[in-house]
Amino acid sequence: MSSSSSSSATPKVPKSVIIVGSGAFGLSTAWALCRNPEFTYTSITVVDRQSFPTPDGSSIDTSRIIRPDYASPPYNRLANIAQDRWRTDFAPEEYHETGLALTAWGKEQKYVQTALDNVRKIGTDKVEVTDSPEEIGRAAGLEGTDAWGNGSTGYVNWSSGWANAEGAMIWLREKVEKLNRVKFVVSSVKKLLIDHKTNTVSGVRLNDSTELTADLTILAAGAWTASLIDLRGICKATGQVVCYMPITDAEQERLANNPTILNLSHGLFMIPPSNKLLKVARHGHGYVNPTTIPHPESDNPAETITTSLPWTAVDDPHQAVPEEGQRDLRNFLTAIHPSLAVPSRPFTKSKICWYTDTRDGDFLISYHPKYSGLFVATGGSGHGFKFLPVIGDSILECVLGRTPKDFVGKWEWPAERLPEEKWPGDGSRGGPVGLVLAEEMAKSKGKL
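Heads up, the sequence shown stops at 450 in my numbering, and the numbers go up one at a time, no gaps.
Accuracy of the hints is not assured; some may be wrong.
Calculated pairs, DSS-like style, for lysine-lysine (alpha carbon to alpha carbon, straight line, at most 25 Å) [said to hold, decoys possible]:
(1) LYS447 - LYS353
(2) LYS17 - LYS128
(3) LYS353 - LYS445
(4) LYS372 - LYS412
(5) LYS407 - LYS123
(6) LYS17 - LYS177
(7) LYS199 - LYS185
(8) LYS351 - LYS278
(9) LYS353 - LYS407
(10) LYS123 - LYS14
Have a look at the derived ranges for each label pair, beta carbon to beta carbon [claimed, not checked]:
(11) GLY411 - GLY146: 27 to 35 Å
(12) GLY403 - SER189: 39 to 47 Å
(13) PRO303 - LEU420: 26 to 34 Å
(14) SER346 - HIS297: 46 to 54 Å
(15) HIS297 - GLY427: 45 to 53 Å
(16) ASN182 - PRO348: 41 to 49 Å
(17) GLU423 - VAL316: 28 to 36 Å
(18) LEU402 - ASN302: 34 to 42 Å
Hints in this document: simulated from the structure, not taken from any laboratory. Where is the CB? At the ideal position from N, CA and C, for every residue including glycine.
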């Protein structure tokens, strides 16, 4: 495989591919490989540390927002294509078009207004502008208003929706398995096989020391990718809070057809419930979890790096969202649906969902600039799942040296590493900053 990203030559089709990770990016890429005639004779192996469905994977959840509402026109375009697939031939039974109320106050209003402008340019979505918290409350079917959103404005895109994420992933996995092209391996990857003399990656070494080799290795391990290559200054894992509460039949019926409510200024959102389970979450700056590990690209075990990595309920079965996060979500629920937030109705389940954030919210879909034979597909930045029907095809276009024109300059490996405190973001994140998971967990002891 001629796969150095610095090469101007068109990459050759690999005879063998290893994909590390079976989440949204990894599984979609496997599906695309199976269906693309250019890869008819390519062997495909997918490696994941957990049996499917991965219990702590970010794509395994009750719901994910499906929206074309982006301030960035390229993502707006691609999301529209993906959404047409959700409506028609990609797990349509898992997709529910109940709308999205996108709101903000302060600086995040710029993202909301630009997203509205982009949606209007496409011209196919039904939108309703909401100029006050009262109008937002009426349109979104809230009992109250978002009290923290004093001065909030926004709009409802009635053509947006949500999908049962786990259901859609199971649907896709079954499609891939039926094609009988992919070998699935359940094992943790310990290290990439790197020849430092030639700067070539030839596969992976598993925890049991088994080695798997391939012409091309695609890292699509989400927030765990940073444990296999040095992504400092490029990607970081951030933990987002998610809580669940059982509701009654009457509440399910009352809330089921409401739009998702998402306020970008504090990052809090509520997706319509399904199967009498309500989910409230925060799409914000998240928790970081600085972890010191052996340098993943070094053969010297004494050489270490410190980077944010996931810490999940698989690592600690008793893990719960810190008190700070649960309080934030409960205050939000009290503001928008006070009948659900009474003290006698606690959250019965919580978890931390791990994003792979980049400096500007753009995905990282690129050959590695140093190692030939290595391609990286990560950096979902908390908005990747909606592209599940199409992202694998887009990843293959990049593998073949045909990056979609409007994503040229967005998905490539950055020219330089940028300290995280200088990351500009994409304008869609609000809420508390500077939260460290271990510190917040320590504060929570005895409070939950």
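Query raised in the report: Measuring from beta carbon to beta carbon, are ASN182 and PRO348 in 41 to 49 Å?
Result: holds, 46 Å
Report task. Take a quick look at whether LYS447 and LYS353 sit within 25 Å of each other, Cα to Cα. Result -> Measuring from Cα to Cα gives roughly 16 Å; hence the hint holds.
Query - Range hint compliance [Cβ, GLY403 to SER189, 39 to 47 Å] - result: Taking Cβ atoms as reference, GLY403 and SER189 lie about 31 Å apart, which means the hint is violated.
Query raised in the report: Taking 34 to 42 Å as the hint, is the beta-carbon distance of LEU402 and ASN302 inside that range?
Result: Between LEU402 and ASN302, where Cβ atoms are some 35 Å apart, the hint holds.
**Report entry** Range hint 45 to 53 Å (beta carbons of HIS297 and GLY427) holds or violated
**Finding:** violated, 28 Å
Requested in this report: Would you mind confirming whether the straight-line C-alpha gap from LYS123 to LYS14 stays at or under 25 Å?
Outcome: violated, 38 Å
Requested in this report: Given the hint that LYS372 pairs with LYS412, test it: the Cα-Cα distance must not exceed 25 Å.
Outcome: holds, 19 Å
Requested in this report: Please work out if LYS351 and LYS278 have their alpha carbons no farther apart than 25 Å.
Outcome: holds, 14 Å
Query raised in the report: Given a hinted range of 46 to 54 Å, is it respected by the beta-carbon distance of SER346 and HIS297?
Result: Since the Cβ atoms of SER346 and HIS297 sit about 51 Å apart, the hinted range of 46 to 54 Å holds.
Query raised in the report: At the C-beta level, are PRO303 and LEU420 separated by a distance inside 26 to 34 Å?
Result: Hint holds: Cβ distance 28 Å, inside 26 to 34 Å.
**Report entry** Verdict for GLU423, VAL316 (Cβ pair) under range 28 to 36 Å
**Finding:** holds, 30 Å
Query raised in the report: If you draw a straight line from the CA of LYS199 to the CA of LYS185, is it 25 Å or shorter?
Result: violated, 30 Å
Violated hints, listed in ascending order, are 2, 7, 9, 10, 11, 12 and 15; each of the other numbered hints is respected by the structure.
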